[in-house]
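Quick note, the sequences are listed as chains A and B, same order. For the first sequence, the working numbering assigns the number 1 to the initial residue and increments by one for each residue that follows. For the second sequence, the working numbering assigns the number 111 to the initial residue and increments by one for each residue that follows.
For the record, the hints were derived by calculation from the structure and aren't laboratory data. Hints are not guaranteed to be accurate.
Derived lysine-lysine pairs resembling DSSO-like cross-links, with alpha carbons at most 27 Å apart [claimed, not checked]:
#1 B:Lys167 to A:Lys97
#2 A:Lys97 to B:Lys124
#3 B:Lys181 to A:Lys97
#4 B:Lys124 to A:Lys42
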Amino acid sequence: RKEVEQDPGPFNVPEGATVAFNCTYSNSASQSFFWYRQDCRKEPKLLMSVYSSGNEDGRFTAQLNRASQYISLLIRDSKLSDSATYLCVVINTNAGKSTFGDGTTLTVKP
Amino acid sequence: NAGVTQTPKFQVLKTGQSMTLQCAQDMNHNSMYWYRQDPGMGLRLIYYSASEGTTDKGEVPNGYNVSRLNKREFSLRLESAAPSQTSVYFCASGRDFKTEQYFGPGTRLTVT
């Protein structure tokens, strides 16, 4: 079993839809969590951190469920420009080890 | 601020050749990382440097060596390139190993 797992998708949604991605992790010692966005053939870019209490940035909401060991990303009112691959990363701060998921591909269609 | 810079952007090597990928950051970050990303796949950690003067193996270190030259620079060396090392290589840096990472634009390497 992979340490970090994401549904690869693709998720194809119409503009204006709400879409959610999950990312599960196996190591309960993991302590830092982030979501990144990667456009085709470009470098990953930080989208948002994930805090225990949940956090929101405009149309994006990230949540952490430590009991079930997953993080989630919710995108409301999808835009065409949201089309990308979304990567989660989980950091085991005790080991200093960061692990990326393989990514979930989102395509927003007109 | 340039952020994280990588050179070269593209490189073609023949099997057995060696080369060094350069990475530099101007954000005064302590931690630096090297990843590879194969087509349609996620990022895999090759080596990382939690702080200046230290380096550690990641998930896929075989065939690579690294040098943390100073706080700004972290290089990745392929001693004898193999076709299996054809990939996109990303360098990243972070304030420390617990925090978010910022990526360079990548080096696209083809080994024939």
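Each hint, compared with the structure:
no.	hint	result
1	B:Lys167 to A:Lys97	holds, 10 Å
2	A:Lys97 to B:Lys124	violated, 32 Å
3	B:Lys181 to A:Lys97	holds, 19 Å
4	B:Lys124 to A:Lys42	holds, 25 Å
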